[in-house]
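Here my numbering is used: the first residue of the sequence shown is 205, the next is one more, and so on.
These are calculated hints, taken from the structure and not from any lab test. There may be inaccurate statements among the hints.
In silico EDC-like links for lysine to aspartate or glutamate, alpha-carbon gap of 16 angstroms or less [claimed, not checked]: (1) Lys-244 / Glu-215; (2) Lys-258 / Glu-348; (3) Lys-579 / Glu-541; (4) Lys-499 / Asp-458; (5) Lys-320 / Glu-292; (6) Lys-249 / Asp-207; (7) Lys-540 / Asp-515; (8) Lys-420 / Glu-375; (9) Lys-258 / Asp-297; (10) Lys-242 / Glu-303; (11) Lys-244 / Asp-332; (12) Lys-242 / Glu-255; (13) Lys-244 / Glu-318; (14) Lys-249 / Glu-317; (15) Lys-252 / Asp-207; (16) Lys-355 / Asp-332; (17) Lys-244 / Asp-207; (18) Lys-249 / Glu-308; (19) Lys-266 / Glu-215; (20) Lys-244 / Asp-231; (21) Lys-486 / Asp-458; (22) Lys-536 / Asp-458; (23) Lys-320 / Asp-458; (24) Lys-244 / Glu-292; (25) Lys-386 / Glu-358; (26) Lys-386 / Glu-348; (27) Lys-420 / Glu-382; (28) Lys-540 / Asp-585; (29) Lys-258 / Glu-308; (30) Lys-766 / Asp-754; (31) Lys-532 / Asp-585.
Now the in silico label distances, taken between C-beta atoms and shown as ranges [stated by the list, open to error]: (32) Ser-604 / Ala-208: 50 to 56 angstroms; (33) Glu-548 / Ala-770: 24 to 30 angstroms; (34) Lys-532 / Ala-769: 51 to 57 angstroms; (35) His-581 / Ile-467: 45 to 51 angstroms; (36) Ser-245 / Thr-309: 16 to 22 angstroms.
Each residue gets a CB set at the ideal place from its N, CA and C atoms; glycine is no exception.
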Amino acid sequence: TMDADHSKSPEGLLGVLGHMLSGKSLDLLLAAAAATGKLKSFARKFVKLNEFTKQITGEISKSGSVRALLFDISFLMLCHVAQTYGSEVILSDSNPPGEVPFFETWMLTCMPEEGKILNPDHPCFRPDSTKVESLVALLNNSSEMKLVQMKWHEVCLSISAAILEILNAWENGVLTFESIQKITDNIKGKVCSMAVCAVAWLVAHVRMLGLDEREKSLQMIRQLATPLYGENTLQFYNERVVIMSSILEHMCADVLQQTATQIKFPSTGMDTIPYWNLLPPKKPIKEVLTSVFTKVLEKGWVDSRSIHIFDTLLHMGGVYWFCNNLVKELLKETRKEHTLRAVELLYAIFCLDMQQLTLTLLGHILPNLLTDSSKWHTLMDPPGKALAKLSVWCALSSYSSHNKSQASARQKKRHREDIEDYISLFPLDDTQPSKLMRLLSSNEEDSNILSSPNRSMSSSLSASQLHTVSMRDPLNRVLANLFLLISSILGAKTAGTHTQFVQWFMEECVECLEQGSRGSILQFMPFTMVSELVKVSTMSSPKIVLAITDLSLPLGRRVAAKAIAAL
């Protein structure tokens, strides 16, 4: 039916689509398509159907309502597919230039998704002002929405600007609550897609408002989410409301969580979305993080509910906040068995976004702990040793998966830190002291040794440079600079718990090497560090020297021979 010519029998097509909406038919069809690899081609059929509804030549009343329903059902189905299976399923690889389908354009620019923050003032939400004015007038003055000759794709693009005008009028007392009810009834009463587009903008708008400014916007979302049960609604309205409610619930989840707002969505008849509204309202997210981690540590394993809470907190607080506070929790532990358990649990939790959390841990948190003498006491055994272990595990895991380019779809979705940030933090040119080295020198008596602009290139020469590893990559850059910092600490005149931490870090690197891990992060270690490491009693053996130097390089072999001779 979907492959047939839609212009020949639109009523027959509508009957089939209406049947698909009932019960679990749509979800079963989508699951079958996904399981057989046909989901993308199945979704494209709805995109084409949605485009077909732009044709309005010589339209009469009945064909107007059929076209409105075909647009609405195809739009709702595509939203549902994008939310369930990801927006990539909808996107076409081969659209002719200038002919991107309406739904693709709307989805990319206007549809809220996890990890995508929309700007409510973006040009996509500001279409032609004359179209907006006529839509506002239609919504405010008509007893119900007209259907004949309506360009629904234009209505959906104009509704956000119309809602802004209506909202401003309401807030300034020009419109009463009764007028707002009539307008929202017009929006949701015939074509549910209008309500979806309106709420999509309101969600972006609410995020930008202060606590005391949100009430009317949230009230409008509540009005649009409540179905209109009247006699004058179009065919399959109850079925369309079910899928609309599911879409709106997905769209509003984050913003309702953040604003501690309750909106009762109608029972959709679908399985409830698990682990939503997990965070207690009005409780600081730091307290939530601490209490959940404490419970997980007591149990000794991370259950699925806790994983969803951690994921929400990571999304809300950001990578640095999340990583920094969990490291603080680890450093509070004083019992050895608890710290070892905490390391294993944190490693599991960090898998939510291993790449970004590793960059933050090795590039920001460790350098701050190692260069601030007021924090050195936190690095004592056992928590300091546990942090060293966690750092090595994360570094090895990120480096191996990074090299294989096996970033998960979730990691691709998350906003990757800008490479330029790492370049400014850690300059490539070794003749300029990096910010990290300047931080270090501020806590050292002999700062000239550590951060003098005249430090010779050979003092930081590593195997990675001889192998011409790209230093434009954030992870390589962070690892290279962490080893520079470690080298400086080992060669400094003063020692402390931070020196002990560095020794534990290197011991863990060697232990992971012995266990068969590639240990490729050691290629970022300066060659001059080998002679400093063999002075440490636990690392003064030929076996360890051979393990930590790159014997494939002539310089590596010379450095190893010199170090072994000095043992």
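Do the hints match the structure? See the list:
1. Lys-244 / Glu-215: Cα-Cα ~25 angstroms, so violated.
2. Lys-258 / Glu-348: violated, 21 angstroms
3. Lys-579 / Glu-541: Cα-Cα ~23 angstroms, so violated.
4. Lys-499 / Asp-458: violated, 24 angstroms
5. Lys-320 / Glu-292: holds, 14 angstroms
6. Lys-249 / Asp-207: Holds, at about 7 angstroms.
7. Lys-540 / Asp-515: Given pair Lys-540, Asp-515 is violated - Cα atoms ~27 angstroms apart, limit 16 angstroms.
8. Lys-420 / Glu-375: holds, 7 angstroms
9. Lys-258 / Asp-297: violated, 22 angstroms
10. Lys-242 / Glu-303: Given that 16 angstroms is the threshold and the Cα spacing comes to 24 angstroms, the pair is violated.
11. Lys-244 / Asp-332: violated, 33 angstroms
12. Lys-242 / Glu-255: violated, 20 angstroms
13. Lys-244 / Glu-318: It is violated: about 21 angstroms lies between the C-alpha atoms, which goes past 16 angstroms.
14. Lys-249 / Glu-317: violated, 23 angstroms
15. Lys-252 / Asp-207: holds, 10 angstroms
16. Lys-355 / Asp-332: holds, 14 angstroms
17. Lys-244 / Asp-207: The given pair, whose Cα atoms are some 14 angstroms apart, holds under the 16 angstroms limit.
18. Lys-249 / Glu-308: Holds - the C-alpha atoms of Glu-308 and Lys-249 are around 13 angstroms apart, at most 16 angstroms.
19. Lys-266 / Glu-215: With Cα atoms ~10 angstroms apart, Lys-266 and Glu-215 stay inside 16 angstroms; holds.
20. Lys-244 / Asp-231: holds, 15 angstroms
21. Lys-486 / Asp-458: holds, 14 angstroms
22. Lys-536 / Asp-458: violated, 31 angstroms
23. Lys-320 / Asp-458: holds, 11 angstroms
24. Lys-244 / Glu-292: holds, 9 angstroms
25. Lys-386 / Glu-358: Violated, because 21 angstroms separates the two Cα atoms, which is more than 16 angstroms.
26. Lys-386 / Glu-348: Within the cut-off at roughly 9 angstroms; holds.
27. Lys-420 / Glu-382: Measuring from Cα to Cα gives roughly 13 angstroms; hence the hint holds.
28. Lys-540 / Asp-585: The hint holds at about 8 angstroms.
29. Lys-258 / Glu-308: Satisfied, since the Cα-Cα distance of roughly 15 angstroms is no more than 16 angstroms.
30. Lys-766 / Asp-754: holds, 14 angstroms
31. Lys-532 / Asp-585: holds, 15 angstroms
32. Ser-604 / Ala-208: 50 to 56 angstroms: holds, 51 angstroms
33. Glu-548 / Ala-770: 24 to 30 angstroms: violated, 38 angstroms
34. Lys-532 / Ala-769: 51 to 57 angstroms: The hinted range 51 to 57 angstroms is violated for Lys-532 and Ala-769, with Cβ atoms some 44 angstroms apart.
35. His-581 / Ile-467: 45 to 51 angstroms: Roughly 48 angstroms apart at Cβ, these two residues keep to the hinted range, so it holds.
36. Ser-245 / Thr-309: 16 to 22 angstroms: holds, 20 angstroms
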